[in-house]
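**Student:** Each chain is listed here by its residues.
Protein chains: 2
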Amino acid sequence: MNSLGGLALALDKAAKATEATLERVLPPPHGLHSRIHEAMRYAIFAGGKRLRPFLVIECAGLFDVADARARRTAAAIEVLHTYSLVHDDLPAMDNDDLRRGRPTTHKAFDEATAILAGDGLLTIAFEILAHPETHPSAAVRCQLIARLAEAAGANGMIGGQMIDMVAAERTFDAEDVMLLQRLKTGQLFEFSCEAGAILAEAGSEHQARLRAFARDMGLVFQITDDLLDVTSTAEKTGKAVGKDQDHGKATLVSIYGIEGARAEAKKIAGRALAALEPYGARAAALRDLLPYLLTRES
Amino acid sequence: MNSLGGLALALDKAAKATEATLERVLPPPHGLHSRIHEAMRYAIFAGGKRLRPFLVIECAGLFDVADARARRTAAAIEVLHTYSLVHDDLPAMDNDDLRRGRPTTHKAFDEATAILAGDGLLTIAFEILAHPETHPSAAVRCQLIARLAEAAGANGMIGGQMIDMVAAERTFDAEDVMLLQRLKTGQLFEFSCEAGAILAEAGSEHQARLRAFARDMGLVFQITDDLLDVTSTAEKTGKAVGKDQDHGKATLVSIYGIEGARAEAKKIAGRALAALEPYGARAAALRDLLPYLLTRES
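Residue numbers (my numbering), protein chains in the order written: chain A, 33 to 330; chain B, 33 to 330.
Calculated from the structure, these hints are not laboratory results. Among the hints, a few may not be true.
Claimed, not checked - What follows is a list of derived Cβ distance ranges for each label pair:
id, chain 1, residue 1, chain 2, residue 2, range
1, B, Lys139, A, Ile290, 56 to 62 angstroms
2, A, Ser66, B, Ala313, 51 to 57 angstroms
3, B, Pro168, A, Tyr324, 41 to 47 angstroms
What the hints assert, rightly or not - List time: in silico BS3-like cross-link candidates among lysine-lysine, alpha-carbon distance up to 27 angstroms:
id, chain 1, residue 1, chain 2, residue 2
4, B, Lys139, A, Lys139
5, B, Lys48, B, Lys81
6, B, Lys139, A, Lys281
Unchecked claim - Computed far set for chain A versus chain B, every beta-carbon distance over 10 angstroms:
id, residue
7, Ala40
8, Ile177
9, Asp208
Where is the CB? At the ideal position from N, CA and C, for every residue including glycine.
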């Protein structure tokens, strides 16, 4: 098996473990309010690569963190990521009808239910982390919660979404675009990787190293996403493409050009790999992520 | 000064202390994403009675909890309550243009910004609670976070909003309406009161007692709110009235009638007062809340 085959197996294993945990922690549909439970589950159990759970589980695996702890943390970041997709797809935001090849939550239910389902997913992320099964130390749980709130909040992911909204109205330079990406998608990647070191109580040096890896990995992810938006088809990606260009939004591709952006992605990928050096063979799957991202087609 | 004058002073003091804390904990407008900070502050600094902060501060005051801890917890519940109003006012939900006599957040900004501002307020509630300044014990902070997430989540406030959405489509009996109210508005009152006992590490008996007080106080609040919806004018309440009737929604007023609902509110208020008995003079302001709610005009 080549190394990308190993990565595919690791991704699949992380996805299955996280989905089993999500099945347990999400409320089953019941009562007069069953529609909210159904909408939350519809949004969560929609396939997807489960890339953030993979990062949590692999980074926790660098330090012998107990599986159940990593999986609950993986579930928390996945519900948080999913809430952001549900709200982002709303008519007032990106107005997307399709997500992973099927109707978005507000299309399958209605707008009000989608708003509430997103709110419910955001809320349960913190409930999962606060529970003693996530870690016996309350100090560790509080650190995870504080970091997730920071990464997802008004100066993190939500701030990035706000910048994205004003992006069409002004001229962005490369630095602005990098800030947008670092906040909008990078922050959750940073949390996912750092969480492994927090769960292990491995100390601030490992936290900083894994955040640096995540930051670069996130940039590679974003540049290749922007490249796909320009070069791919809706059939391959399962969502609308060409949207950035249509909206006149600056991306690293529009600034550097297709070949320039590819070169930049390769350079940043090299830096990401260097950050993993101290972890040797344990970081094999994380390492394989970079060539995978550089060559992905969806 | 009569006792309602004392309550007015206590409410005002709690509101001012909480607003000073909110001023410090909410991010100041800055950067490319300043619009999100502005919208969050617009929604928060809109006046309002700050009833939930008052409950946190008064219940913490039953046990000698340090002021700063009670105020941070009060700020957390107020941002969470405010997020629920911002999302509830959206066109897809209640579609309200006015809140406390001025444009709702999506009217003053736009829908996308209001969705994100609500998300940002919900997120920062947990960030505030996770911070060591809220309580030196991480176990206490985690308990506050777990309880708030439960109270605000899909089986709490959000569940109540979901039930409210389906309320116009079916026939509700008194029990259904009580469940709706207990979830939609009651859960945050219960958290606010119980938080005082959690901050004091006073034990589960006090937690249960203050939750019981809050549950009954919340029902009185809701019944009088429903009565105002039927009997008051938009001028007095600063928001649209007669909406429940227009939407054909069952309330305790539509089930019991105006006089029947008034009698029910009085009976429940008596039970709420009885729960406060062990706290003597320290519970004076909490006690005064009941006659205030029973006679309020806005």
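**Student:** Next step is simple, just say for each hint if it's right about the structure.
**Tutor:** Now for the hints, and whether the structure bears them out:
1. Lys139(B) - Ile290(A): 56 to 62 angstroms: violated (42 angstroms)
2. Ser66(A) - Ala313(B): 51 to 57 angstroms: violated (46 angstroms)
3. Pro168(B) - Tyr324(A): 41 to 47 angstroms: Hint holds: Cβ distance 45 angstroms, inside 41 to 47 angstroms.
4. Lys139(B) - Lys139(A): The hint holds at about 24 angstroms.
5. Lys48(B) - Lys81(B): OK: Lys48(B) and Lys81(B) at ~10 angstroms, within 27 angstroms.
6. Lys139(B) - Lys281(A): holds (25 angstroms)
7. Ala40: It holds; Ala40(A) is separated from chain B by about 33 angstroms at its closest Cβ, greater than 10 angstroms.
8. Ile177: violated (4 angstroms)
9. Asp208: With a cut-off of 10 angstroms, Asp208(A) comes too close to chain B, as the shortest Cβ separation is near 6 angstroms.
Checked against the numbered hints above, the structure violates hints 1, 2, 8, 9; every other hint is satisfied.
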